[in-house]
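**Q** Please model the entire structure based on the sequences and the hints provided.
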Amino acid sequence: MNHFEPLWAKYYAPHLTKTEIGQLRRAKEGSQSILLTDIIQKQGFDAGRRVYMPVATKKDVPGRNHYVVAGLIEEHGDTDWDQQCLFANTLRIATPNNDDYATPKARVVVAPLHILTIEFDDRNIAFFQQQLGWLRSSGTKLDSVVGQFVAHLRDRYADVAGLTVVYSGHKSLHFHFVLATEFLTGAVPEPTSARLGFQKAWDRLRDEFENFAAFNLAAGKKADTSLRQPESFRRMPGGMRLNDKPDHIFDVPVGEPLFQGVMWEHLPLARRGGGKGALLDPADFMMAPISPRRISAQATAKTPAAQTGEDIHASLKLADIFDGMTGQPRFSHLDRSSGEPVAYFYNHPADQNATSVMRADFAAVLVQGANPLNLTNVADVTHGLLMNRLPRPLGDMLDIWSDDFHRQHVGPGGRVRSTVEAEFAEQARDHKTATEAMSAILIGSLTENVRRPETHLLCAPEGISKTRSLMAAAPDLIANFRREGLPSWLMFAFPTYKGAEEKAAEFSALHADDMGDMVPVVVRSFDRIYRDLCPDPQKRLSHERAAMGGYDSRMEMIRAEQSRVAQAIDGAYADLRAAIASGSPVIFTVHDVAQAWAKDTHSRLLLAAEAIETHADRLDAREATRLGLLVHDEINAKAIAEVVASEKMERIRELVRSMGWTSRTRLPERWRTFQASGGVQDFKFHEVCRIAETSEESWEQITTGENFEYGRCQDNGGDIYASANNRRWHICRRDWASDVAHKTAILTTEFVPLVLAERAGSWSTTCLDAPHLPKDVVSTRPNRSLNTRSASLHVEAARGDISGPVLAIGNRLKHLDDVDTHASAKGSNAYIGKDVVQTMTMMAPEQYAEHQALNGWTGRVDLARIAHIDQFNQTAGRNLGFRKSGNVSHQLLINRRLFDCLTPVISYARYDMMDDCVEVSQKLQRRKSRKAKSKKATRRRSPKLAQLAKMLKADQRRQQLAGGLTTRR
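Using my numbering, you'd call the opening residue of the sequence shown number 35 and step up by one each time.
You may find that some hints are simply not true.
[Stated by the list, open to error] In the DSBU-like style, the derived pairs of lysine-lysine whose C-alpha atoms are separated by at most 30 Å in a straight line are: (1) 175 - 62; (2) 62 - 44; (3) 76 - 139; (4) 62 - 279; (5) 633 - 532.
[As the list claims (entries may be wrong)] Pair ranges (Cβ atoms, derived): (6) 519 - 594: 39 to 49 Å; (7) 703 - 735: 24 to 34 Å; (8) 372 - 81: 27 to 37 Å; (9) 519 - 256: 52 to 62 Å; (10) 594 - 931: 51 to 61 Å; (11) 946 - 852: 22 to 32 Å; (12) 946 - 824: 24 to 34 Å; (13) 464 - 543: 56 to 66 Å.
Derived by calculation from the structure, the hints in this document are not laboratory data.
Just so it is clear, CB atoms sit at the ideal spot from N, CA and C, and this is done for glycine as well.
**A** Here's what the structure looks like:
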């Protein structure tokens, strides 16, 4: 009997069946894991290539360094493999002297085999038993549910090698899926975004896992996203550790040993999957620039140069034609190091050196080196194997494939399109086909798997009917949710109440004939209702005043001290409850209400019940107000990632520690200690409360580099933007979207939120662009004198040059008539068919600095400039593009320095900026040039005329002198 038997008998047996205990026993008594012996121990440390797989006994290892695994593999030191309990995927070696030592995510590399791990962080013993059931079968291991899933993956994906399932020792199983990277490295010899590529592969695997019917996962059961990161620690097969958590699922005491047994394993490493697809998509591994680093001359000679997207696309085409299975030879790689492209090939399946070549002027392979298969290009040779060939010479085919790649795969800013995005780009030939294709993608993402909870961000052009498509589909969406027993409430959230009211009216008109039991209703936040019912700012109560008064909430203070207002609030909510009582609510509201829906606010709970004083009341109200779908129309960066200057964060954290706050500290006590501490002089109370309630682990720390998005100023002392460089920041991802509704659709026209969402990694994303549609032209007038203070003067001057009314959109234009801010104009249809002038000025320094923090977080250098393009697209899209009606004009007044800085990111613009000032300047230059040529030609043609002119000028001069003498007399 092994020494874990008493532990299992005492703590596990009361909860598990004999069969399940037997599974644990067999895991302990079984042979060593192939994952451990053939992968981790073999590719765990390579001093020559300077790569390693981190191995550890605890998670907080400085730099996730290589010292332990190096000692294990080189057999020095006093540690052993069975004492280890954690491992991670392959990283590049770094030492404490290296800049990236503390950031393992920056050192992710592609190794021969990679592990994607799925885990469900669930404390439910019944679900743990369900997972054990997946591993059992009455026949072979491949007859089990998990065996069926592995077979399914291997039938579909060529890079799936197999699976090892490890018990974590606590509440979960770690499903370690092993992927072979030989197909990936053949297409992408030097990946530029390895970490992102592995994250995208994990997303595909997660979707496959969660949607595999035989697993019978409950609605809402989702894999833990922390293991999406390739550098994250995961459970070692056969490892051992001591329990360090008092809340063990089987009540095992702290300090008792826990065994990480191999519960199931099928790893036929010699046989790859038979599918044609790949979880590791080469396009995902080439989406960012290579970080420069020093490498030796020897390494340079051996490593192929980084490939462009066009060459990777061409390599995939060549690999498909010369696949080594349907015909020989097998394609190896494309090389341009000598200037001209040369394709290299392997001569036979066991060939390790690609020596045969195809040069740019040829369509056939020139065989070089050993040729045991007698490869030949001569069709009538009797004893030889005829090789495949290209339809045209390699150079011509590369040009054809390059055009094909750009048309199919490259979107704004050089972003590589996914398959769905490429199909849309090809289908969108006019406004009708673009709108239909977009609607099919958007609605399909919500209906293909109704039971799967999901947040999906769609970035698409202005006016393409993103929101309207979902409003039109509302009856079908509600029916789908009801059919699956899911909540059927819908919510549409907008930046402003004005926009929400307009869309509610549009919804009512759209469904005038098929409203059914749908009830469109505008829901204001509790705060907005209170402000409307108590318009006097002097009488209005705040959260701070409630805390000062000793109340636990503002609502409590309102009921105690403003009973009339409280009764009016109750009446407003009673009217809302009566309105939605008879049907299925379709709520129209603002972003703040939507994003806080999971927090059990008054705005939500009072829609279901008049009394929410007890915990039971609140639970009932919460259940009654669950959302099936949230449509979040437009989103800003702050809704995805919160940015706080590190010096401010550290001061607030220190303040909270000094005040002794805990999660149980009541609001009045918080206010008392906050006021006594003196923090009221430096910080806002609600801001300190919010940061105190966010765990320190939720924040990432970054330091901005040297970046000059507005150009480098010669006088650094006079550059108000230079202070954004080399500054420390704390950044926290905001994870509200998955909690507020069963499904969340985030619709945007902007690229900055898309970049941030892809960096955060919690949402699926789609970016649609229509390259076949012509771009509307915006008359653009750059002017160095244009800034926030002078913008109104420039708008008035522009209006004077245009006959008829002109609406203006810009910031700091409040005192003018017929104006809107860029934010308030978002999503509006009020500008269709009308002339518009918009202004664009540079950001305030602190706003610019926050964008530099986001640059540091995402590894980019252009987010401030892209934000300007986003603003331009949004506003130009009010009366152009899909909203264009008639012969309308749109004029852009922009600061000249800003305009010049936008050139590197101009591909993100959906409308052409036509510089009118350049055209005027060129006309003046041509006119001056013609005058100069005319004068010069005149002097050449008539020297006497020139002499006469000279005499007349001299005579005129004498008359002037004479007149001057007369005046003096």
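**Q** Hint by hint, note whether the structure agrees.
**A** Evaluation of the provided hints:
Between the alpha carbons of residue 175 and residue 62 the distance comes to roughly 17 Å, so the proposed pair stays at or under 30 Å and holds. Restraint check for residue 62 and residue 44: the C-alpha separation of about 17 Å stays at or below 30 Å, so the hint holds. Note on residue 76 and residue 139: the hinted pairing holds, with a Cα-Cα distance of about 22 Å set against a maximum of 30 Å. The hinted pair formed by residue 62 and residue 279 meets the criterion: a straight-line CA distance of about 22 Å does not exceed 30 Å.
Distance hint between residue 633 and residue 532 is fulfilled; the C-alpha atoms sit about 25 Å from each other, no more than 30 Å. Between residue 519 and residue 594 the C-beta distance comes to about 42 Å, which sits within the given range of 39 to 49 Å. Between residue 703 and residue 735, the C-beta spacing of about 30 Å keeps the proposed range 24 to 34 Å intact. A beta carbon spacing of about 32 Å between residue 372 and residue 81 agrees with the range 27 to 37 Å that was offered as a hint.
Distance hint check for residue 519 and residue 256: the Cβ-Cβ separation is about 18 Å, which falls outside the suggested range of 52 to 62 Å. For the hinted restraint 51 to 61 Å between residue 594 and residue 931, the CB-CB distance of approximately 56 Å keeps it satisfied. For residue 946 and residue 852, the Cβ-Cβ distance of about 26 Å falls inside the hinted range of 22 to 32 Å, so the restraint holds. For the pair residue 946 and residue 824, the beta carbons lie near 26 Å from each other, so the given range of 24 to 34 Å is met.
In this structure, residue 464 and residue 543 break the distance hint of 56 to 66 Å, their C-beta atoms being roughly 25 Å apart.
Of the numbered hints listed earlier, those contradicted by the structure are 9 and 13.
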